[in-house]
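Visitor: Please model the entire structure based on the sequences and the hints provided.
Below are the chains, spelled out letter by letter.
There are 2 protein chains.
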Amino acid sequence: MEETNPWKLLSSKVVYQNKWMKIREDSVITPQGAKGIYGVVESNDSVIIVVLNSKDEVYITKNFRYPAQAWKWELPGGGGDNEDLLKASKRELEEETGITAKQWTKLGFTNVSNGLMTERMATYLAQDLSFNGDKEASDELIIDAKFVSLEEIDSMIHEGELDDGQSITALYLLNRWLYSKSQKD
Amino acid sequence: MEETNPWKLLSSKVVYQNKWMKIREDSVITPQGAKGIYGVVESNDSVIIVVLNSKDEVYITKNFRYPAQAWKWELPGGGGDNEDLLKASKRELEEETGITAKQWTKLGFTNVSNGLMTERMATYLAQDLSFNGDKEASDELIIDAKFVSLEEIDSMIHEGELDDGQSITALYLLNRWLYSKSQKD
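Protein chains in written order, with the numbering used here: chain A, 105 to 289; chain B, 105 to 289.
Hints were generated in silico from the structure; no laboratory data involved.
Misleading hints may appear alongside valid ones.
Pairs count within a copy or across copies, as identical chains cannot be separated in the list.
[Claimed, not checked] When the alpha-carbon atoms are kept at most 16 Å apart in a straight line, the in silico EDC-like pairs for lysine to aspartate or glutamate are as follows:
| id | residue 1 | residue 2 |
| --- | --- | --- |
| 1 | Lys194 | Glu161 |
| 2 | Lys194 | Asp232 |
| 3 | Lys126 | Glu146 |
| 4 | Lys166 | Glu107 |
| 5 | Lys117 | Glu146 |
| 6 | Lys166 | Asp232 |
| 7 | Lys250 | Glu161 |
| 8 | Lys139 | Glu263 |
| 9 | Lys176 | Glu107 |
| 10 | Lys139 | Glu129 |
| 11 | Lys288 | Glu107 |
| 12 | Lys285 | Asp258 |
| 13 | Lys206 | Glu146 |
| 14 | Lys123 | Asp149 |
Guide: Quick look at the structure:
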């Protein structure tokens, strides 16, 4: 089999749209040759920020997550609003937490849900940190925030206290980066 | 601030639905007190399977991912069809790859995209493997599949050859499990 698109697109329409996402329904011929549809969730690419202090601790925040109807620990981040993703990361971080960072490193660019969504997530590492107490309020309303060691965060993941897949993806990329750095040192 | 829901729900309607997802639009009062909407993508919980052989290599498959319109390396998995998630994992794995496993371990249950979707993903570790050559064809049409070492998969992630966040989440949970096992041995 060649690496060509096995789906044939017949037509495409937007079936729902709001400020944050667009739902597209494509009429297709499936790889098996049957007529069918494929619904795709389109949203702006997003960012997530691994805020790492000099003790190799990571900053996590507790936000209310509407789809789950629950407060959830996670890494800071958010929608990219179609802007440059590094700029979006700096803005999101300062707005959500009052933290600014002098050193930024891109750790990865990954798909969030490759069966349903087009959204890609940029993971940035933020280091050399400054704190501004007068942080802005955001829609997400952070109830709590703290630095935790990698052992603590690992234990929170094991206990289900941090269950955000996007944060866990970013932590994989952080561990990879730390390991790679330790090999060079 | 108490840990109560800061959003007030006014009304809710389904604005789009197909076999795989339902889009719900809620009319809300935001935490800031403004009238607004929140769109939520509802889909069945999904599964992803870390297939680990006796050499600590992981099985990856190359599938065409419609939203990205590209062939992508990833771990086997798929939608749960509302069935028991372990049962779904066994079915998905055998259908997609012809692999059955005697030993199954749940590694985690995580949110896929906690700002937009309700979907949760169960990660299962499959060990003590058998292979059946007569695997069924599935909608996803796997073009290639192989076992890779953890070093190779890490390098593929670094190079952007494997960029599926759900697979990377599962690999974090695998590394955690392997580390925890090594501490016990």
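Visitor: Now, for every hint given, state plainly whether the structure supports it.
Guide: Results of checking the hints against the structure:
1. Lys194 <-> Glu161: neither (19 Å within a copy, 38 Å between copies)
2. Lys194 <-> Asp232: within (13 Å within a copy, 46 Å between copies)
3. Lys126 <-> Glu146: both (5 Å within a copy, 14 Å between copies)
4. Lys166 <-> Glu107: This pair counts as between: shortest inter-copy Cα distance 10 Å, intra-copy 43 Å.
5. Lys117 <-> Glu146: within (12 Å within a copy, 20 Å between copies)
6. Lys166 <-> Asp232: Close neither inside one copy (23 Å) nor across copies (39 Å); limit 16 Å.
7. Lys250 <-> Glu161: within (9 Å within a copy, 36 Å between copies)
8. Lys139 <-> Glu263: Neither way: Lys139 and Glu263 sit 44 Å apart in one copy and 36 Å across, limit 16 Å.
9. Lys176 <-> Glu107: For Lys176 and Glu107, the Cα distance is within 16 Å only across copies (11 Å; inside one copy 40 Å).
10. Lys139 <-> Glu129: within (13 Å within a copy, 29 Å between copies)
11. Lys288 <-> Glu107: Classified as neither; 37 Å inside a copy, 44 Å across copies.
12. Lys285 <-> Asp258: between (20 Å within a copy, 14 Å between copies)
13. Lys206 <-> Glu146: neither (32 Å within a copy, 39 Å between copies)
14. Lys123 <-> Asp149: within (14 Å within a copy, 25 Å between copies)
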